[in-house]
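**Student:** Residue numbers 28 to 150, in the numbering used here, belong to the letters of the first sequence in order.
Everything labelled a hint here was simulated from the structure, so no lab data went into it. Certain hints may be false.
Stated by the list, open to error - Here are the computed distance ranges between Cβ atoms for each label pair: (1) P41 to E126: 37 to 45 Å; (2) R47 to E126: 30 to 38 Å; (3) R144 to R85: 36 to 44 Å; (4) Q40 to Q140: 43 to 51 Å; (5) D137 to Q40: 41 to 49 Å.
For clarity, every value in this text was computed on a predicted model and none was experimentally measured. Ideal Cβ positions, reconstructed from N, Cα and C, are used throughout, including at glycine.
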Amino acid sequence: MAKTRLTNSDTHQPPSEQDRRREALFGVLAMVPAGKVTSYGQLAEFAGLGRAARWVGRTLSQLPQGSTLPWHRVIAASGRLSLPAGSPSGDEQRMRLREEGIQIQHDRVDIRQHGWRPTEHSG
DNA sequence: TCAAAGGCGCCAA
DNA sequence: CTTGGCGCCTTTG
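Please build the complete structure, drawing on both the sequences and the hints.
**Tutor:** Below, the structure written as structure tokens:
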């Protein structure tokens, strides 16, 4: 496995707390398989970040364009897509999810069917 | 230290 | 279904 990423690349300082949280978040997000979706709160909790759902949302909004992370698989806990249709990100999100076989009706995804269950298979 | 703001979450009306 | 309101955690000024 390649090193996930180097946030402070050109320095050799130890990772800051912010870096550590980002790494935790990215690590968990990378586990979400295609065809499944998760929520901001679920990511935060599973990454050991407590109830930092909002922070997750903001962090994801700041992802670089070239990121390979499946940010599009992150939706609201209610099953609704937080990113509005018509916006670049929202449109991209809907396109990617549909390509993964996820049905989106009325801006929402069936969590029962497509919700990611981390502990169910991998471990 | 305080205040404001985020791709949120949950509950009540 | 929609609003309001409050809580949550973190960053920024």
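**Student:** Confirm or reject each hint.
**Tutor:** Results of checking the hints against the structure:
1. Taken as a hint, the range 37 to 45 Å holds for the pair P41 and E126, whose Cβ atoms sit roughly 40 Å apart.
2. Between R47 and E126 the CB atoms are about 33 Å apart, so this pair conforms to the stated range of 30 to 38 Å.
3. Distance hint check: the CB atoms of R144 and R85 are about 25 Å apart, inconsistent with the given range 36 to 44 Å.
4. At roughly 45 Å, the beta carbons of Q40 and Q140 sit within the given window of 43 to 51 Å.
5. Separated by about 45 Å at the C-beta atoms, D137 and Q40 satisfy the suggested range of 41 to 49 Å.
In the structure shown, a violation is registered for the earlier hint numbered 3 alone.
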